[in-house]
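In terms of my numbering, the sequence shown is residues 28 to 347.
It should be emphasised that the hints constitute simulated quantities derived from the structure, not laboratory data. Note that beta-carbon positions come from the ideal geometry of N, C-alpha and C, so glycine has one too. It cannot be assumed that every hint is accurate.
[Said to hold, decoys possible] Listed next, with one range per pair, are the computed distances between beta-carbon atoms: (1) ALA105 / GLN139: 13 to 21 Å; (2) ARG86 / LEU171: 45 to 53 Å; (3) ALA262 / ASP183: 19 to 27 Å.
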Amino acid sequence: MCTILAHLVQVRRTTGKTHSGSACRRLPRMGNNGRVTRPAPARAARLDQVCAAAVEVARDAITEVEPADIGDHLRAVAEGDRVVTHYFECLLGGYRGWRWAVTVTRVPRSRQVTVCETVLLPGSDALLAPGWLPWQERLKPGDLGPGDLILTPSDDDRLAPGYLLSDDPAVEETSWELGLGRPRVLSREGRAEAAQRWYDGDHGPSAPISTAAPASARCGTCGFYLPLAGALRQAFGACGNFYAPDDGRVVSADHGCGAHSETLVETAEPAIDELPTVYDDSAVESMTVGVASGPVETSVPVEASVSAEQAGSVEPVDPS
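Construct all of the structure, not just a fragment, from the sequences and the given hints.
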């Protein structure tokens, strides 16, 4: 039977005629002609006048608060056939921009309106709480306080098992000591993340205290700089200057501040001032003067004798 059907199909393909002798028309190959059925156009809901007029019915349905907390009627929106939602202003403290929404409806050929639901919805200018975030994303540096615990996931990418070989010799020294090393150590991703965070933070080269310091006052050349061990030694160290604001913190080698060890004060030698002559006028010293025997020769300066002679040659002037 299968052989006979296959033979008939082959004959029809070659002759192009049916078994009755009539010519058969070759149909075009079927292709993708798009969606077969067209969706019905969405018809906008018409506002039911009976439900739209039931403003007081909707207002009385808000029983969660006092009537004074319900404001003016804002609008009525058609939700479907004979389904209308009334919006009222909310006057509750702390709910600025919120509104009460009361949905009412009625059965066909009935003018009795019933309440479906009453809810409090935020408006476009409502004060909303921020979106919820998992605690791992909400946690910020410095949030951990005394007695708080932070759970570290077992598959944390920043950590690697201590028995794995690391590319940091400092990690190998601490993780393979007598088999009593730490269960997990920083992985390459963890070290890179920590280094980038330190470098971009308040202890890197772009910190305000670093940009305000002299260009030569860098931590890498400071005597108080204690380099870290391992691969991080090339770029980071701890500050050991008691007077520096970064004392006891990890800083980058190109970080800087005004407490650099080579910021020396040039002290000039003080000039020696000549002391003035001091006279002691507070006491009188008594001295004995003897009378010399014989003529006393007085030596008068030439200028003084000339002045005396000129004074003697001047005639007095009569005032009258």
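Cross-check of the supplied hints:
{"no.": "1", "hint": "ALA105 / GLN139: 13 to 21 Å", "in the structure": "holds, 19 Å"}
{"no.": "2", "hint": "ARG86 / LEU171: 45 to 53 Å", "in the structure": "holds, 51 Å"}
{"no.": "3", "hint": "ALA262 / ASP183: 19 to 27 Å", "in the structure": "holds, 23 Å"}
Taken one by one, the earlier hints all hold for this structure without exception.
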